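Number of protein chains: 2
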Amino acid sequence: MSANKKSPGMDLLDGVEKGNVRAIARMISLAEAAKPESRPALAEIFRRAGNAHVIGITGVPGSGKSTLVDVLAKAMRASGRRVGIVAIDPSSPFSGGAILGDRVRMTELTCDDGVFIRSMATRGALGGLARSSLEAVDVLDAAGFDLILIETVGVGQDEVDVVRAAHTVVVISAPGLGDEIQAIKAGILEIADIHVVSKCDRPDSNATITDLKGMLTLGVRAMDMHEGGWRVPVLPTSAETVEGIDDLLAAIDGHAKHLADTGGLEERRRRILEMRVLKTAEDIIRKDFRDGRDKLSGLMKSLQERTMDPHEAALKLLDRINEG
Amino acid sequence: MSANKKSPGMDLLDGVEKGNVRAIARMISLAEAAKPESRPALAEIFRRAGNAHVIGITGVPGSGKSTLVDVLAKAMRASGRRVGIVAIDPSSPFSGGAILGDRVRMTELTCDDGVFIRSMATRGALGGLARSSLEAVDVLDAAGFDLILIETVGVGQDEVDVVRAAHTVVVISAPGLGDEIQAIKAGILEIADIHVVSKCDRPDSNATITDLKGMLTLGVRAMDMHEGGWRVPVLPTSAETVEGIDDLLAAIDGHAKHLADTGGLEERRRRILEMRVLKTAEDIIRKDFRDGRDKLSGLMKSLQERTMDPHEAALKLLDRINEG
Numbered sequence: 006m007s008a009n010k011k012s013p014g015m016d017l018l019d020g021v022e023k024g025n026v027r028a029i030a031r032m033i034s035l036a037e038a039a040k041p042e043s044r045p046a047l048a049e050i051f052r053r054a055g056n057a058h059v060i061g062i063t064g065v066p067g068s069g070k071s072t073l074v075d076v077l078a079k080a081m082r083a084s085g086r087r088v089g090i091v092a093i094d095p096s097s098p099f100s101g102g103a104i105l106g107d108r109v110r111m112t113e114l115t116c117d118d119g120v121f122i123r124s125m126a127t128r129g130a131l132g133g134l135a136r137s138s139l140e141a142v143d144v145l146d147a148a149g150f151d152l153i154l155i156e157t158v159g160v161g162q163d164e165v166d167v168v169r170a171a172h173t174v175v176v177i178s179a180p181g182l183g184d185e186i187q188a189i190k191a192g193i194l195e196i197a198d199i200h201v202v203s204k205c206d207r208p209d210s211n212a213t214i215t216d217l218k219g220m221l222t223l224g225v226r227a228m229d230m231h232e233g234g235w236r237v238p239v240l241p242t243s244a245e246t247v248e249g250i251d252d253l254l255a256a257i258d259g260h261a262k263h264l265a266d267t268g269g270l271e272e273r274r275r276r277i278l279e280m281r282v283l284k285t286a287e288d289i290i291r292k293d294f295r296d297g298r299d300k301l302s303g304l305m306k307s308l309q310e311r312t313m314d315p316h317e318a319a320l321k322l323l324d325r326i327n328e329g
Numbered sequence: 006m007s008a009n010k011k012s013p014g015m016d017l018l019d020g021v022e023k024g025n026v027r028a029i030a031r032m033i034s035l036a037e038a039a040k041p042e043s044r045p046a047l048a049e050i051f052r053r054a055g056n057a058h059v060i061g062i063t064g065v066p067g068s069g070k071s072t073l074v075d076v077l078a079k080a081m082r083a084s085g086r087r088v089g090i091v092a093i094d095p096s097s098p099f100s101g102g103a104i105l106g107d108r109v110r111m112t113e114l115t116c117d118d119g120v121f122i123r124s125m126a127t128r129g130a131l132g133g134l135a136r137s138s139l140e141a142v143d144v145l146d147a148a149g150f151d152l153i154l155i156e157t158v159g160v161g162q163d164e165v166d167v168v169r170a171a172h173t174v175v176v177i178s179a180p181g182l183g184d185e186i187q188a189i190k191a192g193i194l195e196i197a198d199i200h201v202v203s204k205c206d207r208p209d210s211n212a213t214i215t216d217l218k219g220m221l222t223l224g225v226r227a228m229d230m231h232e233g234g235w236r237v238p239v240l241p242t243s244a245e246t247v248e249g250i251d252d253l254l255a256a257i258d259g260h261a262k263h264l265a266d267t268g269g270l271e272e273r274r275r276r277i278l279e280m281r282v283l284k285t286a287e288d289i290i291r292k293d294f295r296d297g298r299d300k301l302s303g304l305m306k307s308l309q310e311r312t313m314d315p316h317e318a319a320l321k322l323l324d325r326i327n328e329g
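Order-wise, the sequence lines are chains A and B. Each residue of the first sequence is one higher than the one before, starting from 6 at the first, in the numbering used here. Each residue of the second sequence is one higher than the one before, starting from 6 at the first, in the numbering used here.
Please keep in mind that the hints were generated in silico from the structure rather than gathered at the bench. Misleading hints may appear alongside valid ones.
Given that identical chains are not distinguished, each listed pair holds provided it fits within a single copy or across any two copies.
[Unchecked claim] In silico DSS-like pairs for lysine-lysine, Cα to Cα no more than 27 angstroms straight-line:
no.: 1; residue 1: K262; residue 2: K306
no.: 2; residue 1: K321; residue 2: K11
no.: 3; residue 1: K292; residue 2: K11
no.: 4; residue 1: K218; residue 2: K262
no.: 5; residue 1: K23; residue 2: K11
no.: 6; residue 1: K79; residue 2: K23
no.: 7; residue 1: K40; residue 2: K218
no.: 8; residue 1: K292; residue 2: K79
no.: 9; residue 1: K321; residue 2: K292
In this text the structure is predicted, and so the values were computed from the model without any measurement.
Please take these sequences and the hints and turn them into a complete structure.
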C-alpha cells in the first residue's frame, strides 16, 4: 500500500494493533481533532476494524447508565474478554472538555489493562460527535477489544444516532423519574434490542417493568431494528446489589449470537455504515461552509434581502462546494 | 411574480397574511411535511417574514419551561401584542406526534385569538427539526405576530440550534435538579441572553441564582452571542406566584431594543440565516441519500469490504448528488 508514513498517526498503527494504551489514546485524539492529514491513518484503522461486538447503552438522565456500564464491564472482564468503553458526556462550557466522565470513571476498572475507557465531549455547535465517537470505536476495534460499549445520554439526535450505530442496543429505564424525563425516554424506547430497568431494589420498579412489557406486547418497536424475530427482553437490574447483571450479559451475548445466526449482523453493519457515510457527508458540508464563509457573502446578501430563501441558498451552497 | 398558483400553499398566502388561524395551521403543516411542491409557497412566506421579534426559550427537563411560557405569553398579551408559540416536544413512538404539548397547552390561552400555539414533534431519525420549526416561525412572522416564542428542551444539538436561531435567547434554570441534569444544562448556559431561575418560591433557589451570577462574573459566555456589551441578567421567577414575569418581559424588550440600537440585530439575523442554510443543506443531503440508496450499492460494497472508509464514501456521495 502507498500509505504515507509521514501522515500523523501512521506511526501509531502498530501500537494500536498491539493494544498499546498510549498509541490507542493518541489515535483517538487524532479522530477527535479531525485534521485532514490524519485521514490516511484513520482510514487504515477502519480497514483493520470490524471484529468487535459493539454495544450501545443509553437512557435518560438519572437512569443510572454510568454505574451500570461499570458493573457490566466488570462482568465482561470476568468472562475473560477485553472491554473498550467510549463514554459520551455533555461538554463543559468552561473547559471545553467532558465534565462527568473522568470523575465517574475513577473506579477499580482503571487499574485493569483489559479495559480501556475514553470520555468524549459533545462539544457545542461544531458537530462531528457521531463521526469522532465511531472512529474511536474503530480504534478500539482495531486494537483487538472483544466488546466495545458506547454510552450516551439518550437525548438529542446525534446521541441517539451514535447508540444506533451499535450491534446491540441497550436502553435503560429507571423507576420514579418525572413526566418530562419519561417523555424524552419515549423517543428512545423503540431502538432497544434489550431493555434494562435499573434500580430494581426500589419498590416502584415493578410498575416500570410492567409498562415496558405492556408496550412490547402492543408491538411498539421499530420493525427494521429487530431482524429475524428477536424477542426484546426486559431485564431488572440493580447496580447496588449487582442483581441482573449476569442476565444482561447473557442477553447481550444471546443477541450477538442471534444476529450471527440469522444474518442480521450483516444487515445491521450495512445500516450502520450507511449512517456513518451520511453523518460524515454532513460534517464535510458543515466544515466547507465554515471555511467558505467569505465566498458566500453574495448568497448571504440575497438571503438578508429575502430575495432568496434558505432552501434555494442551500442548493446553491451544495453546488459551490463541488466547484471548489 | 411568476408564482405558480397550483403549487400547494399558494392559495393560503393571503389567509396567512390576514392572520387566519386555519390558513396558518395548514401552512405550518406544509412546512412539516417538507414536500418539494410546497417550496414556492414557503419561499414566498420567507420573503414576507422578518418583522417579528423571535424569542428562544430553553431549559433542562423539569425546569418548568412550558408553565413559564404560558405566563409569559399572557404578560405579552397584556402589553397589547400578538404572540405566536412554537413548542417543540419529544415525539411519541406510538402516535408519531408530540406527547406533551397538546396536553399542557389546554389553557386559557387557547381561547385568545391573539395567540397561536403550535406543538411540533422531534420525530425520530429523519432530521429536519430545525428547518421545519424555523419555517413555522416564518409563517407566524408573515402572519403578523409581534412576538414569537420558540420553546424547546435544551438537550441535543438540533434543539439547541433551534433556540439559537432566535433574536433573544432565554435559558431557564431550576433549583434542586440532579447532577446529570445540571451537567446537560451546562451546555446551554453560554447561549443565554437572559437567565431565568424558575421556582424561586423554593428556598434553595438563592443558591442557583448565586451560581449563575458567579459564572457570569467569570466571563462564562460565548462572546459572539453578546454583541455590543449586553449585560446578561439573572432573573428569579415563579410561575406559581407570577413573580418576576414582568421583569422578564422588560428584559426581553430591553434586549430587543439593545440589538436594534447597537446594530446587533443585523449581525444576529445574518448568523441565523447562515445556520438555516447549513441545516437545510444537511437536510437535502440526507434526503438525497435516502432516495438514492440503490445507486449507492457499489459504494456500500466497498465499505462493507472495508476497501473504502466512510470519509472517502462521503466525498463520493457529495459528488454523486450533484451529478443526479
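Hints, one by one, checked against the model:
For the homomeric pair K262 and K306, the shortest alpha-carbon distance between copies (24 angstroms) is at most 27 angstroms, but the shortest distance inside one copy (57 angstroms) is not. In this homomeric assembly, K321 and K11 come within 27 angstroms of each other (Cα to Cα) only across copies, at 25 angstroms, whereas the closest approach inside a single copy is 37 angstroms. In this assembly of identical chains, the alpha carbons of K292 and K11 lie at most 27 angstroms apart only when taken from the same copy (24 angstroms versus 38 angstroms across copies). In this assembly of identical chains, the alpha carbons of K218 and K262 lie at most 27 angstroms apart only when taken from the same copy (23 angstroms versus 54 angstroms across copies).
Within a single copy, K23 and K11 get their C-alpha atoms as close as 21 angstroms, which meets the 27 angstroms cut-off; across copies the closest is 65 angstroms, which misses it. In the homo-oligomer, the alpha carbons of K79 and K23 lie at most 27 angstroms apart inside one protomer (22 angstroms), although the nearest pairing across protomers, at 65 angstroms, exceeds that limit. In this homomeric assembly, K40 and K218 never come within 27 angstroms of each other (Cα to Cα): the closest approach is 46 angstroms inside a single copy and 37 angstroms across copies. When the C-alpha separation of K292 and K79 is checked against a cutoff of 27 angstroms, the pair qualifies neither within a copy, at 40 angstroms, nor between copies, at 42 angstroms.
Taking identical chains as interchangeable, the C-alpha atoms of K321 and K292 lie at most 27 angstroms apart whether they share a chain (16 angstroms) or sit on different chains (16 angstroms).
Checked against the numbered hints given earlier, this structure breaks hints 7, 8; the rest are met.
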